[in-house]
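Asker: Residue numbers (my numbering), protein chains in the order written: chain A, 1427 to 1725; chain B, 791 to 1314; chain C, 26 to 347; chain D, 26 to 347.
No lab work stands behind these hints, which were simulated from the structure alone.
Treat the hints with caution; some may be incorrect.
As the list claims (entries may be wrong) - Straight line, CA to CA, 30 Å or less: simulated DSS-like cross-link-like pairs of lysine-lysine:
| no. | chain 1 | residue 1 | chain 2 | residue 2 |
| --- | --- | --- | --- | --- |
| 1 | B | K841 | B | K1073 |
| 2 | B | K1138 | D | K240 |
| 3 | D | K240 | B | K841 |
| 4 | D | K240 | B | K1126 |
To be verified - Derived DEER-like restraints, expressed as beta-carbon distance ranges:
| no. | chain 1 | residue 1 | chain 2 | residue 2 | range |
| --- | --- | --- | --- | --- | --- |
| 5 | D | I211 | A | G1460 | 56 to 66 Å |
| 6 | A | E1693 | C | W125 | 20 to 30 Å |
| 7 | D | L129 | B | D1192 | 46 to 56 Å |
| 8 | C | H215 | D | L129 | 57 to 67 Å |
| 9 | C | S61 | A | K1553 | 30 to 40 Å |
| 10 | D | D180 | C | L200 | 49 to 59 Å |
| 11 | C | R345 | B | L1303 | 33 to 43 Å |
| 12 | C | W68 | D | C137 | 31 to 41 Å |
| 13 | C | R345 | D | R345 | 34 to 44 Å |
| 14 | B | E1254 | D | C137 | 49 to 59 Å |
| 15 | B | N1188 | D | L149 | 38 to 48 Å |
| 16 | D | N173 | B | H1179 | 45 to 55 Å |
Only a predicted model underlies this, so the values are computations on that prediction, with no experimental measurement involved.
Backbone N, C-alpha and C define an ideal beta-carbon position, used for all residues, glycine too.
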Amino acid sequence: RAADVTIPIIVKDTTSFYWQIVLAGARKAGKDLGVKVPELGAQAESDINGQISILENAVSGKPAAIVISPTEFKALGKPIDEAAKSVKIIGIDSAADSKAFTSFLTTDNVQGGRVAADGLAAAITEKYGKAEGEVALITALPGVGSLDQRAKGFKEQLAAKYPGLKLIADKVADGQATTGLNITTDLITANPNLRGIFTSNLIMAQGAGQAIAENKAQDKIKVIGFDSDEKLVKFLSNGTLAGLIVQDPYRMGYDGIKTALAASKGEKTEANVDTGANLITKANMNDKRAQELLNPKLD
Amino acid sequence: MTDHDISHRSSSGQSEDVSAAAAHLPILELRGLEKQYLGTHALKPADLAFKAGEIHAIVGENGAGKSTLIKLLTGVIPRTAGEILFRGEPVALTTPLEAIQHGINAVHQEVVLCPHLTVAANIFLGEEQRRFGLLQHRHMIREAQKILDDLGFALPAHALLSDLTIGQQQLIATARAATRGARFLIFDEPTAYLTREEAAQLFALIRRLQKSGVTIVYISHRMEEVFELADRVSILRDGRLVGTRNIGETNENELIGLMINRSIEQIYHKVPFTFGKTILETKNLTGNGFEDISLSVREGEIVGLYGLIGAGRSEFVTTIFGRHPKSSGKILWDGKEVRIERERDAIKLGIALAPESRRDQGLCLSLPVSLNLNLPIYKQLSRNVLISHREEARHADNQISDLRIKTSSRSASAASLSGGNQQKIVIGKWLNHGAKLFIFDEPTVGVDVGTKAEIYRLFSTLLENGAGIILISSYLPEVYELADTLHVFRRGHLVASHPHKSVTHEDILTQALGSASTDASTRN
Amino acid sequence: MSLETKDTGTTPKRRFNVLFGLTLFALLLVLWLVLSLATDSFWTGNNISNLLRQGSMIAILAIGQTFVIITGGIDLSVGAIVGFTSVIVAWLLAHGFPVWAAILITLGIGVCIGLFHGFGIVRLGLPPFIITLATLTSLRGIGLLITNGNTISIDNDPFTEFSRNDFAGVPNLFLMVVLVGIPAYIFLSHSRWGRYLFSVGSNAEASRLSGVNVKGTIYLAYTLSAVCASFVGLLLASRIGVGNAMQAEGWELQAIASSVIGGTSLFGAVGSIHGPLLGAFILATINNGANLLNVNSFWQRVITGVLIIVIVYFDQLRRRRR
Amino acid sequence: MSLETKDTGTTPKRRFNVLFGLTLFALLLVLWLVLSLATDSFWTGNNISNLLRQGSMIAILAIGQTFVIITGGIDLSVGAIVGFTSVIVAWLLAHGFPVWAAILITLGIGVCIGLFHGFGIVRLGLPPFIITLATLTSLRGIGLLITNGNTISIDNDPFTEFSRNDFAGVPNLFLMVVLVGIPAYIFLSHSRWGRYLFSVGSNAEASRLSGVNVKGTIYLAYTLSAVCASFVGLLLASRIGVGNAMQAEGWELQAIASSVIGGTSLFGAVGSIHGPLLGAFILATINNGANLLNVNSFWQRVITGVLIIVIVYFDQLRRRRR
Ligand SMILES: Nc1ncnc2c1ncn2[C@@H]1O[C@H](COP(=O)(O)OP(=O)(O)OP(=O)(O)O)[C@@H](O)[C@H]1O
Ligand SMILES: Nc1ncnc2c1ncn2[C@@H]1O[C@H](COP(=O)(O)OP(=O)(O)OP(=O)(O)O)[C@@H](O)[C@H]1O
Ligand SMILES: [Mg+2]
Ligand SMILES: [Mg+2]
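Model the full assembly from the supplied sequences, consistent with the hints where possible.
Answerer: As structure tokens, then:
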């Protein structure tokens, strides 16, 4: 019976809103499909060892399949190979160095970074006429795979498509909104000609948005954030932020569980699904699709 | 025993005055008071009444339960059974604050003050003077200075307590207790760290307090003090109250007999040895706190150092021991100049130091007795890297029985021992080290008469084995009786040296105090 | 330290008198001078405002922490309290409580947390490290449960603008430091209870024997620390405009470091109010300066570590020479 | 604690003898029993292996930390050392060093860090809290500089498989705990250096005057702690197959907590080897159990905090009654 079927979902960090949306999607799928879905995850996105332990524990519980979002590409490879010996593994969000995935649903974070660069360039062009000037990048934490990929995509795209945009600061914070705020303030102080900032996750966007508001700099400096919550949507609608890159975490969670159930029954599943990263600005934020992404139905 | 009395006994006239006052009702009464620690029955049911206005001495061996009794009276520790009546009313006395509110105050045996606070802050701790809720810092310092000056203690009220010597801290504790308007004041071995001068000041203070109607309990191991001060004396043995005597109706021998259940013919055990070759010699040694000290110690010799608090004796010996750097001068060992840069160099040469402050320098209080006794000799106790636990235990047990250290076991923490027994550890840890020169800095502080005699006998054994001893004591009779050569220190200078018992107490005191023309005296 | 030896005056070789004699305040001024010369933007009104804002929250935490450290304890929970109370106030505002009520309730919760710490130490006999570590863990959990891992937005503009505004050119946040600092100074240096904090830290037994209410003093110290932390929680909520349980992570270490840099001894009985304030603003200056100089953020960590060592070393030398 | 009063035997009212008399080991067994009854999967070979693996690294850190705490100090840098040395070994392997050389060099770097801590405390006179906090910050920075904020992959299969394999059914990682624990036990309880750690922690001055090499003992303690941490760095690198400077964040607090739960006193001179081991595995069990019981990860934090209080409280009671 399906009710006895357990499919744990392991996310990177249970304390972030993004992953809560993923979990909400998975929860909904569990309810719809009659599957038990333990919601697991480490306490911080950078805690590789913690996630390996959780994966090991999950395998101990003899589930039908496991849905996991690997924290680190290389590090989770072997443990996933190991786990795949006894259960089917479905990957979501990020990849890992393993061929053992039955199926894979991701946002391409590098692509997300590229989209962010496009969005920033567009915002600067709209204000200054040309995609030119000084821009900065603020990363929440060092050593986190997905954040590094976003930074990589962003920088690549700047170099390739927008030679006029000069990356003058590449800052790495400590995961605290206040630090993001302080860094942004100091960037504004030290660089009077700054025109744009890309903050590659939710918390940094909150901090940076607050700094922009504090310095009343939204006309001068365009900020692109990554992921969204109520606060950021408000910033977007009042122009503090120029744009948000939004993924579809809810679908990732929902489809992850759905795919896993199918795989555990031996059904054939698609090997790779890209769930996409979308730029949302003030202009398109009221579209139906944008509203779906910005206001995922959390129960 | 000869009478090594500090000064003139209280006149008999005075003791009659007091016995008139003593006719008053008992101010504090104990009924079946009892204290049991885990493993130790520290105080067995005791009945005792303190009369208003008397000076009541309590004597007993180390570990007899004297401090325990005091702690019960001041609410420091809870009692196991019994009741306490204060002015006829039963009192709970569960917290020190309650005792203070009743006017019961104590100067405890271990100096319990706050080292990080100033002298004035310590004196007023718990009773700060305020105006509009704010502390009156300057006023308190002035007041404290006045109190100290009135008592004749020449100490600065604004100094940090930790800058004072332990004896000076003892005086501060006394000053604090004396100025709190207490009706009942307890002194637990207040003279242990004091020199005769300071002790005399203290006695004057105690008498003054008595005149103003304060009842005083006085604990001491120095019999002559008991006879000088007290109106009555109670004797404790093994946690049991074995008797109370009017001071006029007893004598030292009876008290000692009651305390230790045997009599001691002779406390100062002195066997004259022929001196061997010189072990240690200092030449014009100068350091922080002393200047230009030249003296020597020979095999079989006790060299005594006497002086007032702060005379520089401790600094001098700790410098020899390598704890502090010397600034000039020479140290010769076996006739050869040696460099002693740290304690381990001294220990390697064969010097052992039992320091003056057992609490700060002598003991690891939180650790077992056994570890404390073995600390200097773990190298000897270990084969390759491993310690021989059997040897460790054997050695500790030997010391415990040889020195009659009263402890529930060798693994009890040093903190659980009575003051005098802790002192025995400080000495005992060096006895098996095979040292050639023993430096004892105030070795008998807080040690009972019986054990004192044993320690002195121990000195003889060490001397017999060819060792030399430097003995520092602020208790003049001790150095006077024991030292083969007695050096007098004053303000960091060696001002006089005397062969065994060649001058009187008074001469030595005058030299230590520095009045008259003593500096040109008998240097040998 | 268990190592602190009292032999003074034994290192006559070193003679960089000028540097070694610097007080902490002078060190801060030197840092400022260097930064003013090295960058155009440091010594501008705007940046000084920023700097004052950036150091404020840690400064207030450090004051509270100092009370606790003076008693010989430690409060690891302050960061978690900040995050937790930011959630509380955001929740209260979101549920229609008026600002004054939300603030009072939040501070009241701070009081409760502090009392609980006191209870754990005094009644249950737990080491301060353990009880505050436990509340650290639990409070983060409760905060996350309340928000479900989310952030709670604060829509109350007067509340969020407070931290952004100035009063006579001085940022409100810094005024809050003054508002906390002055009573804290009076309390610590001129009240009986302040004196008791020191005496308990110096020798709890001696204090007890002198009739000091040792248990009450412990309760007081932890309550003050928790109230300071919940006050910072309010400020943080105002500054970032959201309540989020995972904010202020690691701030406990920064607060302790500020306090220790400011001369507080972790062995108790040594500390002041101006010390932790200076410590907090030294740390803030290091970060601000590194940002303005656009120092690579990895180098920034290395430099912070080295500067902490250097500053505390100089300060120790100065103290020892006194 | 500054509060620890010595009046024992005054609480004869409480009589939950059975619970209060439990040793830490018994408490761990009770936890295990409860979990075995509550879940099917707890008491399976596989899960016990997992549990042993999961507790191992903190256990080894806690042993090192205990040496330091016994001397009255603290080592906040251990988490950073773990992350840093994982980078070092990954870098060395990536640059073609043979495994044995990479391991030796990494451990050697651990020694250097420990010696530096000793130097800072003994020579510069810095509080242990400050010097280790400074290295914490700096080492993370240096590690990030080496990796440029990235991770370094380890392609050496024998190296990475080590942590996954068993020996006679016992996970290698746990064997490493035994490998460290037994010499550590012998060192602490049967060698004179172990005695010196205690004596220095109890009274450094008295130890000096008894001929103990106090400075050497301090150097030794911090070196042992740093070496344990760099050993854990090797294990971590093997387990996660990468070197990453930001790993093991907050492990210092877990190590200290394990040690204190295991009965070590932060005031020095009290501690053992089995205590921190039990502490680490109690913490690991709480996490493992919560995962198996599918406790919401937010509740998990709350429960961890509460359990820490309960466990330490019981343990304190037991100790006090002895
Ligand atoms: N905290 C404690 N725990 C256990 N036993 C203790 C404790 N304090 C004292 N004792 C024991 O109680 C007994 C009485 O000690 P107490 O300190 O009262 O002796 P004392 O008469 O003051 O001795 P001294 O002259 O050496 O100061 C001793 O055997 C001592 O070991
Ligand atoms: N750490 C120190 N720094 C400066 N001066 C000191 C220090 N310690 C002691 N002194 C001074 O050195 C002198 C000698 O002190 P010391 O303690 O050696 O005297 P002492 O003869 O042993 O007296 P006591 O009877 O107190 O043992 C005193 O004047 C004292 O103030
Ligand atoms: Mg006594
Ligand atoms: Mg002396």
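Asker: All hints, please: hold or fail.
Answerer: Here is how each hint holds up against the structure:
| no. | hint | result |
| --- | --- | --- |
| 1 | K841(B) x K1073(B) | violated (57 Å) |
| 2 | K1138(B) x K240(D) | holds (18 Å) |
| 3 | K240(D) x K841(B) | violated (55 Å) |
| 4 | K240(D) x K1126(B) | holds (29 Å) |
| 5 | I211(D) x G1460(A): 56 to 66 Å | holds (57 Å) |
| 6 | E1693(A) x W125(C): 20 to 30 Å | violated (60 Å) |
| 7 | L129(D) x D1192(B): 46 to 56 Å | holds (51 Å) |
| 8 | H215(C) x L129(D): 57 to 67 Å | holds (59 Å) |
| 9 | S61(C) x K1553(A): 30 to 40 Å | holds (33 Å) |
| 10 | D180(D) x L200(C): 49 to 59 Å | holds (57 Å) |
| 11 | R345(C) x L1303(B): 33 to 43 Å | holds (35 Å) |
| 12 | W68(C) x C137(D): 31 to 41 Å | holds (40 Å) |
| 13 | R345(C) x R345(D): 34 to 44 Å | holds (39 Å) |
| 14 | E1254(B) x C137(D): 49 to 59 Å | holds (53 Å) |
| 15 | N1188(B) x L149(D): 38 to 48 Å | holds (43 Å) |
| 16 | N173(D) x H1179(B): 45 to 55 Å | holds (54 Å) |
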